Amino acid sequence: MRISMYSEQEEMALPRRHWDLALVGVPIDARGTRAREFVRQSSTRTVEVLFDATTVELSIDKVGASLEDMEALLGNANASILLETTTLGFAELALACRFLRSAGVLDFWMLYVEPKEYFAQRSVDFLHERIFDLSDEVLNYSGIPGATFVLEEDVNQRIVFLVGYEGQRLDQAFEQLPLSPGRTLIVFGVPAFRPGWEMNSFANNVGFMRERNISGGVSFCGANNPAAALSILEGLRGELGLTERMFVVPVGTKPHGIATALFSAANPDVGVIYDHPKRRQGSSQEIGNWHLYRARTK
Amino acid sequence: MNTDSIDRLQSAFTQNRAEEIGYDVWEHFVIPLFFSRLDLESAKKPRIFIGGRGCGKTMLLRYLSHQSAFSPKRKSVGDDDVQRIGLYWKADTQFANTMNGRGLSEEEWSSAFDHFVAITLGLEILVSLQSVANSNYHQVTGKTISDLNFQSIHGYLPEAPSSFAELYSLLRRKSQEFQVWANSPKRLQAPSFLPGKTFALELIQSIRTQVPCLATTTFFVFIDEYENLREYQQRVINTHIKHSESPLIFNIAIKRNGIKTNATVGEESITDIADYRMHDIDSYLEESSFEVFAAEVLLLRMSMTGQQYSFDVDRIKNPTRINERFDSAYQDVVLRQVRSMFPGLSHQEIALAVLKDNPLRKRLEREIGEGLKQKRSTLKPSAFISLAHPEASIVCAALLARPKLSADEVHEEFQNLKRGMPSRFDDPTDWTHNNFVGSLLKLYAPYGRPCPLYAGFETFIQLAHSNMRHLLELCHKSLKLMPQTTPGDSIVVSVDVQAEAARQASAGFLGEIRTFGRLGNRLYGFVLTLGSLFAFAHRRPTQSEPEINHFAIREGIETTDTELADFFREATKWSVLFEETETKLKDPGRPAAIDWILNPIYAPYFNISHRKKRKLSLPLTDLKVLISGGADARTALLKRYAKQWDVDADAVEQPLLFVLEDNRA
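Quick mapping for you: the protein sequence lines, in order, are chains A and B.
The first sequence runs contiguously to residue 297 in numbering that gives the first Met the number 0.
The second sequence runs contiguously to residue 664 in numbering that gives the first Met the number 0.
Simulated from the structure, these hints should not be mistaken for lab results.
Quick caveat: nothing in here was measured; it's all calculated off a predicted structure.
Please note that the accuracy of each hint is not assured.
Unchecked claim - Pairs of lysine to aspartate or glutamate, EDC-like flavour, derived with a Cα cap of 16 Å:
| hint | chain 1 | residue 1 | chain 2 | residue 2 |
| --- | --- | --- | --- | --- |
| 1 | B | K379 | B | E364 |
| 2 | B | K241 | B | D274 |
| 3 | B | K185 | A | E70 |
| 4 | B | K612 | B | E579 |
| 5 | B | K479 | B | D3 |
| 6 | B | K185 | A | E56 |
| 7 | A | K277 | A | D51 |
| 8 | B | K185 | B | E105 |
| 9 | B | K612 | B | E581 |
| 10 | A | K115 | A | E7 |
| 11 | B | K185 | A | D68 |
| 12 | B | K623 | B | D560 |
| 13 | B | K479 | A | E210 |
| 14 | B | K259 | B | E226 |
| 15 | B | K185 | A | E67 |
Unchecked claim - Listed below are several chain B residues computed to face chain A (Cβ distance under 7 Å; list not exhaustive):
| hint | residue |
| --- | --- |
| 16 | F94 |
| 17 | G102 |
| 18 | P342 |
| 19 | T514 |
Don't be surprised by glycine CBs; every beta carbon is placed ideally from N, CA and C.
Please work from the sequences and hints to get the whole structure.
Below, the structure is given as structure tokens:
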């Protein structure tokens, strides 16, 4: 899998501006609304996809649909496809990547619009935390259909967390699931979208890492660099022993989620675990860089 | 005590969760004092264990399961012990949650889940036999297991080999096959589903028939975190509970409010008493001297690091010796040891320390001076301070802030106290007793220094509120903050260190609230704002209603308000709030309301009282702001109360209002 990355400050400067089919999600802020509008203008057909983790069901353009419907939608190997990842949730993204691969679509695009700022409450000095209420409600962790495996005691786990600002999501996973802290690798997004933002991620996760005795290592790759994140995942996959199974938990940036989705599509024996947060309206403010990623299967 | 010893001691508490200890908790487990109430010896009915996070449910279930019961560390295992074999199952809910929708009906998924139960239990039954064979029970050996023939289950699994090892491998393959199918249920052909309980029963029967010492063994399934299962999955388990009888009995552990349904897959429901016995672990801990139990756990942990203590390990690990632990002489010995490690100070000692501490004394004099100035009195602050009456000295600042009391009045009563004459500082008015804690907390507030009120093992017990994990963390933090060498051989953690540890632990547990399930973020915002509100109440100059730290809803909750009801259900489920029936009815004609108590573990962070003293009657509109208001609404609410209570909100030290301001990253 090869990922080409293009970053511009404005959408007009992006190197490609037309696709046959685009998948979008529901916008929760100005960034998502603008991304979706760009896609609508740039694509012959735009389809909204939403995955409901509670019912494990899909909707396509607000009508109940099956996974097979989504698979059929993406089944034309000759069409140019764009996944608008600013608005698409991780589950929709993961499903789309898997269906594209199984349909033999070897070349497709993904759009991601960075936030310029995140909604943050003032840091509480005593707690030494930076409180980011990005999620309103968080479900229990569950798998992604097609990439779900039992966390078994007699199968050695190798867990990878791609973390972001919300450290409690890391803690919640260990609270809810039988994860092995000694076999858990934490990946931080460094460099961050903005200089200094990585401190938020460190500050909010380090306490939980210490308390849970997570000792499987720490890695770093650019927060907006899915290629680098994919490289880390592929590297770990290559080291797995015969009795080991890998699980990936993408609770960080969307570009890292993109890497996870692509990796999962190419490695159907890897488990993906996600908590499907209900994102807070307006959780990010103003629009940062526009990123276009092109994924090509070798 | 040297650095090595202290290091080892500090490591005694790094594992505060059962999950960190592993499945074999034999060495770490202390029989709880309520153990005989569980009536496990003669258990024939299923058990439902209810308790909050940190109450010890998981530890208990793991203790009852085969990995601990047949631990290689257990020196003696007899025939009686193999009559009950426990199977612990923490359902992998990330997998179980995806078993829904995708073109299959709930009925189909129900059968699939039951098949998953069958495979899981089948594997666990086989593994439990290995535990028995590897234990110090000599009637079951490796050869016993390898000689087993499982031909009798061919009706369910025609392809099943007969030997133990091959059957185990087959069940593992069945598990993998099932996982692959569950990922694409419409695309792949469903495997032949095994009937959950029936299959397990057949396996058990086969074992009982072939191994004489297990001929009357009952297997107990202990399902942990049941509340995370989907509703139809709970119905499947409820069905097994309803029809539980020897040799297979299902039991579950849940957080409060964790049962989504009492229904089964048929027409019936499960009901308390008829179908199961409910055990409320939190209540049992409160009723059965949590302090003694906690002290025993502490002493055991520390003795595992090589420290010598005066207590009998067998007594705390032997269920038949529980009654000995109710003896008051025994309890005195245990408690004395732990209290000497974590000593507290009396109110008088704390007050005296304040008067000898320069900044605190100056602040007290300043507050007294402000009160005198307001009353245009010519008296000096020193007239209200006496080393012989330190507690009374500290409450004078609050008394002088009260409009209805003149400076001369307070001074006269203080003089009477000094002369040993009747005084309102004493009974029956009891100014000192009623106002000391509130006045002290107010005095400490601006400094960011931890208040010594939060030190002492007895105080730790109150802060922990029967939560063993909280208690262990308080002790752990205290030991961690100790100097690396101490004089003498015994451990004594200073009051200052304990108070600082309480504050740090409190902050840590506060941060954890965001991980509390679906509404974690909302619960966190609620506690921050409510705690801040209580902190403001504690800053009232007059201390006319000191130590406000719980609330009641003025109008009660309408039963139709589902959002509020849901919030309170989650808040009690996660022990953020405790629910109690109103204790002091101001109007006997009115039905008792509910008092909502903020978990006392958060008290040190907000510098508020941890004792249940006075409550705030909150209007519903204010409550809704606390629960779901935006930052502006919360700030406005806090400022309104601050003004009402004559607290200067802008002068209040961080991090109260500070935490609610928007900021750009």
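Now the hints, each set against the structure:
1. K379(B) x E364(B): holds, 9 Å
2. K241(B) x D274(B): holds, 6 Å
3. K185(B) x E70(A): Roughly 13 Å between the alpha carbons, so the hint for K185(B) and E70(A) holds.
4. K612(B) x E579(B): holds, 13 Å
5. K479(B) x D3(B): At roughly 13 Å apart (the allowed maximum being 16 Å), D3(B) and K479(B) satisfy the hint.
6. K185(B) x E56(A): holds, 13 Å
7. K277(A) x D51(A): Holds. K277(A) to D51(A) sits at ~10 Å (cutoff 16 Å).
8. K185(B) x E105(B): holds, 14 Å
9. K612(B) x E581(B): holds, 12 Å
10. K115(A) x E7(A): Status holds; Cα separation ~13 Å.
11. K185(B) x D68(A): holds, 12 Å
12. K623(B) x D560(B): holds, 11 Å
13. K479(B) x E210(A): holds, 14 Å
14. K259(B) x E226(B): holds, 7 Å
15. K185(B) x E67(A): Holds: K185(B) and E67(A) sit about 9 Å apart, inside 16 Å.
16. F94: holds, 5 Å
17. G102: holds, 6 Å
18. P342: violated, 26 Å
19. T514: OK, holds: T514(B) within 7 Å of chain A, min 4 Å.
This entry does not satisfy hint 18, going by the numbered hints stated previously; all others are met.
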